[in-house]
Structure formats: C-alpha cells, structure tokens
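Chains as they are written, first to last, in UniProt numbering: chain A, 1 to 554; chain B, 1 to 321.
Misleading hints may appear alongside valid ones.
Unchecked claim - Pairwise CB distance ranges (calculated): (1) ILE146(B) x GLU391(A): 26 to 36 Å; (2) GLY402(A) x THR60(B): 48 to 58 Å; (3) PRO267(A) x PRO92(B): 57 to 67 Å; (4) ASP238(B) x ARG9(A): 49 to 59 Å; (5) LEU6(A) x VAL38(B): 29 to 39 Å; (6) TYR19(B) x TYR29(A): 52 to 62 Å; (7) ALA29(B) x GLU391(A): 55 to 65 Å; (8) GLN102(B) x GLN157(A): 22 to 32 Å; (9) GLY221(A) x LEU35(B): 19 to 29 Å.
To be verified - Quick look at which bits of chain A chain B covers, simulated, 3 or more residues with Cβ under 8 Å: (10) 162–173; (11) 535–543.
For the record, the hints were derived by calculation from the structure and aren't laboratory data.
C-beta atoms are modelled at their ideal positions from N, C-alpha and C, and glycine is treated no differently.
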Amino acid sequence: MLQIPLWKRAIILGLVAAGVILAAPNLFYQRVEAHNDAVAAAEKAGFETAEQAADRALWPDFLPSGLVNLGLDLRGGAHLLAEVHVADAYKARMEALWPELRRTLAAERATIGGIRRVPGPEGELHVQIANPEEMATAVAAARKLATPVVTLTGVGQDDLEVTAAGGKLIVRLSEAERTAMDTRTIQQSLEIIRRRVDEVGTREPTIQRQGADRILIEVPGLGSAEELKALIGTTAKLTFQPVVRRNATPSAAPGLGREILPSAETPDLYYELESAPVVTGDELVDARPDFDQNGRPAVSFRFNPTGARKFGDYTAAHIGEPFAIVLDGEVISAPVIQAHIAGGSGIITGNFTVEESTNLAVLLRAGALPAGMTFLEERTIGPELGQDSIEAGRIAAMVGLGAVVVFMIASYGLFGVMAGFALLINVALIFGVLSAIGGTLTLPGIAGIVLTIGMAVDANVLVFERIREELRSARGPARAIEQGYQRAMSAIVDANITTFITAAILFFAGSGPVRGFAVTLAVGILTSVFTAIWVTRLFVVTWFQRRRPKTLSL
Amino acid sequence: MAFRLKLVPEKTSIDFFRYQWVTLGFSGAMVVASLIAVLIFGLNFGIDFRGGTTIRTEATQPVDVGAYRAAIAPLDLGDVSISEVFDPTFGPEKNVAQIRVQAQDGAESLGPEALSAIEGALQAVDPSLGFEAVESVGPKVSGELIKTAIIAVASATVAILIYIWLRFEWQFAVGAVAALVHDIMVTVGIFAVLQIKFDLAIIAALLTILGYSINDTVVVFDRLRENLIKYKTTPLRDVMNLAVNETLSRTVMTSGTTLLALIALLVLGGDVIRGFVFAMTWGVIVGTWSSVFVAKNIVLWLGVKRDWSKPAPEGPEDARP
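Bound conformation, chain B alone:
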C-alpha cells in the first residue's frame, strides 16, 4: 500500500469524557478569562465602532513617530495615536504608519480643512510622504454600526439554533449554541488581550467562525444521530465517544487544510487583513476544540430522548444501569 499521511490512526477509541471536567473546565475558565480581559483591557475598537479618522501614510524615509506627533500636536485634534506598521512584504523603501485621530464633535466625518492641515503638517516633516488611505467615520454612523454588528451576530446564532433544533433535537441546538458562544467569547477575549484593532471586518470574521464551528459540530452530531439509531441500547456517553472517534480523522483533516490556507494568508496576505485572518485562524482552532469538547458535553448533560415509543425521557441517559 502506498504511503499515506495519517494524522489520526485508523481506529481510535479515545474516551473524550474521561477528563471532561478538565476540558470543559478549561473552556469555562477561558470564557471567564476572556470576559475579565474585555472588562480590564477593553477592546481596541477601530473607527468603524468608535468614530474618528485613520490615515495610512507611506514614505521612503523611515517613520519617525515622534516627529509626526510633534507635527500634528499644534492642530489640537484631541487624542491622536500614531503607530508604525510592519510587514515582511515591505521593502526598506516602504515605511508605513497608521495615524488615528479621535472623532471630532458633531455627527460628521473629519472636515476637509482639518484633513488638509494634517496632511500639510506631515508632509512638512517628510516630503516623500504619501497618503495611501484616509478613512473617516462620524460618531453617528459608528454608533449604528455597533448596533448592526451585535444584531448580526445575535441573529446568526438564533438562526443556527433554530435550524439545528429543526434538524436534530433541542438538546443538540443548546449544545451547539453553547459551543458558539464559547467560540465568540474566547475570540473576543484574545482581541482584548492582544489589543488588535476590532472593526467591522472582525465581525465578519466572527460570523465566519460561527459558520465554521457549527459546520464541525454538525458533522459530529450527524454521526451521533446515525449511531443513536444503530446502537439503541448503548449508553449515550459511549455512543458519543464512538461518534467523535469515528469523525476524528475528518475533523483533523478539515481543520488542517483550512488552517494551511489561513496560515498562508496570515503570512503572505499583507497587513491590511492580518487582523481579520488572525481572527479566523484563531476561530478555527477554538471552533474545532469546542465541537469536540464543549457541544456534546452539554448534550450529554441534557440527555436525549432515545425511545420514541415512550412519552418522555426518564432523566439523563447515562444514569441508567
């Protein structure tokens, strides 16, 4: 037989529930840690959500953050943050900086006078400076964008809950959604810890993580549903272990290929979408973890109605002799 890359042995019988208090506890701790991180550090909201102006500059001279700051300070624009942007794809002739100016009073984006004043002041420091991208969002729009983003994530979660409920049982839906909430929380948490810019694109990434994670969870659930019919008397816990073991090879393969593609993008895709791709890469890892160690544990707790000839389930399945 020809060589085959096998990340997972042909037949596994790992007991995924053996350390369920450790794994589930770890997930719970991560969620709590994420909450605390968000409360303590806060999220580094981009202008989409906070309002304000970002200017991306590019120069042949090295970036001198101090000189830029000194040039802009007399304009009295409030909070201004300047950071240099690094990327392996930039050559020595390409020096990029990101300047962020806080939202000015009123509903409007930054006025043309203020903008040309900033551009003039910066070009006095470095005549080679070009302005690659200028984005300005007024506080009025940013407030609405926050609202839309929250609605989008919430409605996606509810829609998935309903779909799983229709296709499986309500216990599965609760388990899947618990895993999704876990994924979102932990991803938002890492953004708080690392202070990566959190903007509209990250919301898109969060929704994609939802899609990916549910995809993984559904594959396990589908196998579980099949096995529940096949092994009518086996305890639920064993049927679940069997389902996860049977799909383990697939779970690892799919996560592997997706991560390969995402890592290529993370390294080579440029700095503009790095935050976005980072969120997705992180989300794929977390999503894979949660479909193996979170979703089905919840279902086990809730129990599943196995015998439809009886009116109602008699407590958790694995409590039976």
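Same shape as in the complex, but just chain A:
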C-alpha cells in the first residue's frame, strides 16, 4: 500500500538536502566568488596576503563553494573565434628546408651536376637538376633528409615526400606530416594564447580548439574583443643563456651582467645566468618531439642560419657546460652541452616522457605564433548589459514561480501547496547540480529555468489529474493515490525522455549560450522528474499516513 521504506525516504531527503546545500553559495554569489578567488590566488602564490585572508573569511571553508559559472552574455567579456592558417607552417617549413637540401644536393654535384631551384606551388620545393639521367641519385640523397613522423600514437610515415618529374626534383610534406603539423600548429597557438591570456590574470578564460583549424577564446571581464586581439598578437620571449651556477640563492645579488632566475619545473631551484642570451627564440624556426639515439623521448629544434651560427660557435666552445633555456623569466630546462652542435639543429634530452617532450617542443616554439590567424567571429558584451539581464531574469523567474504556485494551489489545494514546495526544491536542485558539474548559466539558460518552472509541474499535474480520475471511479483515497502515481508514470517517462532528446541534440549542435541553455534544460528535466515522482510523493504519503483522511479534497 502507500508506503515508502525508510531507506528510500533517507535517500530522497538526502538528495534534496545535498542539492540545497550545493545551491546555497549562489545566493551569496559575490561573497563566495571573492572567497574562491582569494583561495585560488593564495594557492598559486604559495602565501596569503591580508586582503586575501579577509576575502577568504567572507565564506566559511567547510561549506561548499561551487558556483554556477556565469556565461559571457551575463558576466560580460570578450569572445573570439580565430582561424589559424595552418598552411603557413608548411611554407615556412619548406623554406627552412631549402638550405639543407641545397647542401645535400651540392655534395652530389659530381654525379647530378648543377642544381637550381625553380618556382613551384606553395609548400613545395622544385629543383632543376643538370643531369636528369642521374635523378635516382638526387632522389636518394634528398630522401636521407626525411625522418619518420613522431606522434603520440607511434611512428608512421616519413615526413618528406620526394618525387621526380621532367628533370625536376620535387620535395613536399607527406600527408601524415601535414596532419601532424596541423595539430602541432594548433597546439602551439593554443599554448601561446593561453600564456598570453593568463598573463593579464583574468578569471577562467576558455581557450579551446574547435574543429580542424580554429581556436575559440572567451575571456570574461575583458573590455573588448579588440583588446583581446591585441593581447594575442604579443610575442613571448625565449632565450638561450649560459649558466653560471645552479642552486643560486634568490635573495643574493647577482654578479655584473648576470641574473638569477627560478626553475619552472623544480620549486626552490634557482639558476644564476649570464644576462646576455646566446640565441633568442626569435631565431628558432622549429622544435619537435623526437627521440635520441637511445630511443628516449627528446626534443629536436632548429635555428635559422644566424641563430645556427651563434649556437654552433657557442656549443663548440663550451662542451660539458650547462646552458639554460629561459622562457618568460623561468628556466624551463638547463641541459649540459654534449657535443658541438653545428648545422643549426640540436636535440634536448632530459628525463622526459613522450608527453613532456611534446609539451616542451610546444613551449620552445611558444615564442612566436606558428601561423597567422584570421578572426572569424567576435563578440563583446558589456558587464552592465549582463547585469541587467541577470536582474531581469531573476525578477521574471520569481514572478513566474509565484504565479505558477498560486495557480497550482488554486487548482489543487493542499496538493498544490506540496507541488509548489517541490517546485522550490526543484529550482534549488537545478542550481545545485549546475554548481556541482560546473555548468554555465547563460541568458537563454535563465529562460530555460523559467520554462522548467512552468513545465516542472507537468508531472505533478499528470499525477494529480490521475488521482482525481481514480477517485471518481469510487476507489478509496489510498488506492487512488497509489494508482494515480502508478498509471501516470509511463506518460511522465515518455514525455520527459523526448524532451531530453531535444536537449541532448541542442547540446551537441549548439555552442556558447545555446549550449548553456541545453545543459540547464537537461538538468531541469532530471530534477523535475525527481521532485515530481519522489519528493511530492514523499510529501503526499507522509501527510496521508498522519491524517488518514476518508476523502481527498483534490
């Protein structure tokens, strides 16, 4: 009969309590945000200022502090969609290859004769050979320049494709290398952009790859998309500097023409370096994940001709000494020079995993964007407009909620009161779940909540109407309630699953505000089914067991 086992009651009430507690921080949004910012800043810096301590005290540590993220349309900020010209990188790569190819072919001059570069399509090298009958030798020589493509998934094709046609030697990048390069180009761009955006210290920027060659950048609180564009264009500073000594004390005064810089990897490790760099990142043309002769992950890099000469001279003179690779004032690595590095390319070994060497390669190239970018879409929302929207949404939600509750009470009396109470719990649960999963609330998302408020009572209405019908067929109140819930179930389930399907499709097809709406709608469907089926039923059953009414006034 009408009974809910104790353990079920405990679970229902427990979930409701958890939802309400998780939602609570959102009522004190600014306080909790200040608290969270202070905690994050202190954690990052390793110590806490008095100001941060004051902010932290605004919200007790033991309470949940998860908040619903506010989307750009509510918080204000800048949104940019950039397209990276991945093909730029192919061209640069082939241009950089030309001196090497010329040297290699010149070594075979005795057989193949004179060589001359002739114009070809972008991203290809076309070389005219004087003795076309010796083409096989030229091709073989050029193929020696190719190296296998190294990716995280394994070793595949060679990076270069060497062919011959009409007395011309043609060198182009293989398909595998192009794909690998695209990924590298995007990764590097992401990394550079992330560093740039982090530097201005805004809250939670979103920087992510979209599709094959696009990057989405969202920075809350930034004045305009133009500002963001200017920021992304700035170049990072990479230098190669001689190491004077390891384990320097940070407080000690460095010698003349020297500086003390911290290690990026090891905390509390400082290096004393010569201030004048041997080479800078401006002279680096490429850095890629690679393997050394022992098969350990490493990073290979290449300089342009001037950088190569300077680097070659320096390494020849300082074998066995360490030199530091410095990025943004931090020593990212300080390898020991193993041998004279001529030809402008070298390899950095260390205690790397494949992933680390991939990352380091990205970092090494972080000095300059590897390819140009076009901005396809940009949106700037002023913080005031967002605040107005929040205000309007809040008022509309409250009025809507009030109207629905009054309507329900007028229609169903005591049952309407219970449904109204469940509706309040439902709204709290939506915020609780969104806070817990770190969901983003957008302006359409607020509309989604208001819509959910209207639709959430649907399941209750289905049940109540059903109970009324069962009462009419002269069943006792207990039986009517039980049957009402049981029979309304399939309609509730089918109706909500179909709505859930559309929410899921919205999530996958949409982006930004629309996606926020989809998440809110989906969460709203789940919580409203939960509150209607379990929470309201718990109320009804508890009330019924206490009062044991002979008739139901519904």
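Starting from the known structure of chain A, arrange chain B on it as the hints suggest.
Frame of chain A, contents of chain B only:
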C-alpha cells in the same frame, strides 16, 4: 469542498473530430500561409546566419536615428540598419539603439579599424554614447551556423520519430512528427510576418518547442495506448476522443502554468531575450493546439493495428461497422 480553480469541467465529452475538417484545415492553411510568408517577406536573419556586425549603444540622450545614420554613412560600409530598442524596464536616461552593418567582403569579422571608425563617428554625434555589446560574425562562420541549425532541427525530429516509433507504433510516430513539422512551420511563419530577428537563440527556442509539443502529444498518446487495451471493440475515433477528453484538464493546466512563467519572462525578462521568449510562448500555444487537433487526426487516418492475433490491420479502424 474547498474552492478549486477548474479551467476544465470534471468530465467532458467533446467530440474533437466533429469539426476535424475545420480544425485540420485551419492548421493546414496556417502552414501554407507560413510558407508563403517566408517566401514573400523572407526571414529577418540575425548576424549569426547572415554575417555582419551589430552594435548595441546606450546613451543618456534620446536616440536620433537620422543623426546616427548620417554619421556612419561616410564610412561606406554598405547596408547599415539602425533601430531604436524600447523596453518597459528602461528609464528616460537609458536610450538604446541597435546598429547593424552588413558583412564585409572576405571571411573575417569586422576589422578593428572599421569598428573604431564607427564608434568614433557615433560618439561625435553623442558623447554620452556607450557601446554595450559589439558582435561581429564573418560570412564563413554564418554559413556554417545555418547548416548546423538545420541539421540540429532535422536530427531532433528524426530522433523523436524513432523514439515514438519504438515506444508506440509507427502511425503514432508519423502523427507526432506531422504535428512537430506543423509547429516549426507556423513558428517560422510568424517570425517572417512580424520580421522578428531570427538567430541562433531562435533555433534553440524551436528545438524547445519540439520538446514541449512532443511532451503534450505523448501524454495523449499514452492515454490512447492505455484505452486501446481497455476498450478493445470501441471504434478508434471514440477511443481517441475519450483519451483527449480525459487528458484535457492536464493539457490545459500544464499549458497554463508554462504560459504563466513564459509571459512573466516576456514582460519582465528584458529586450535581449524577448525574441527567444516570444518564440517559446508562441510555440507552447501552437504545440498544445497541434497535439489536440493535428497529431491524433493523422493517426486516425493511418489506422492502428488493434488485434495482434491477426497478421495485418484491415483498413482504417473506424470504417468497420
């Protein structure tokens, strides 16, 4: 017994098929009218789908559309449309205008030079002018957004079709989807007639309407399925009428509460999402109509297999004596 608000009497026995040619004909006419409206007036596509730039300005001075236009005209940006935005929540000190500039050549969004030129020219007209929101979408992205939107609406419809087919019978699925297509068409039609901005958010609203309308339809179908088992020999038409009558109170209640919440948002929610909320409000009305007057009529036409001991249905159910 205490007072109860009853929008629908306790027991109704309305014959929803009595005027089915009028109601279904009305729906059909609306769909055709919507198609014609879209063809004649076209949709007022937002920059999401057309590319271009919108600038939302706010000033303490009243908006002077003519002066704004005169200021921007020398910049030679092609088609520029300027409109004042009204909202009951704005005070006299808040004068908002929306400026739309057509997409410039190339794949890019509006360049920084053009943007600062516009902003400079406008501020020369009214120094109190602030730029609340600037959005720019290049033609390349807008083309893709149209494609994504169409795919989203189509795949949602197909997914619902499949789900209903699995849970009920294929006739129900066809009926439900016919109702959905009706809802989408009529909503798009009103956007063409009223020339409300049609952007990505409206697509989200359309999908939500799909969800709402199917929700309503499924409730009726669920009752129909139950009654089909209960009354094995009653003609299909009568079983359907019974199902709609039995669920009528619920249909009206749910539409009522949803509309209450949406109307609150429509009036108080601010001008930024008014188009979006309008689409949903309209959609709830249309969706409720279609689940009562469109979906089940189609199912009646197609007939439902009632007796599973026989291999196949013998024509439409209500044709039997």
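Tested hints:
no. : hint                              : in the structure
1   : ILE146(B) x GLU391(A): 26 to 36 Å : holds, 33 Å
2   : GLY402(A) x THR60(B): 48 to 58 Å  : violated, 34 Å
3   : PRO267(A) x PRO92(B): 57 to 67 Å  : holds, 59 Å
4   : ASP238(B) x ARG9(A): 49 to 59 Å   : violated, 43 Å
5   : LEU6(A) x VAL38(B): 29 to 39 Å    : violated, 59 Å
6   : TYR19(B) x TYR29(A): 52 to 62 Å   : holds, 53 Å
7   : ALA29(B) x GLU391(A): 55 to 65 Å  : violated, 42 Å
8   : GLN102(B) x GLN157(A): 22 to 32 Å : violated, 46 Å
9   : GLY221(A) x LEU35(B): 19 to 29 Å  : violated, 45 Å
10  : 162–173                           : violated (count 0)
11  : 535–543                           : violated (count 0)
Hint violations for this structure: numbers 2, 4, 5, 7, 8, 9, 10, 11, all remaining hints satisfied.
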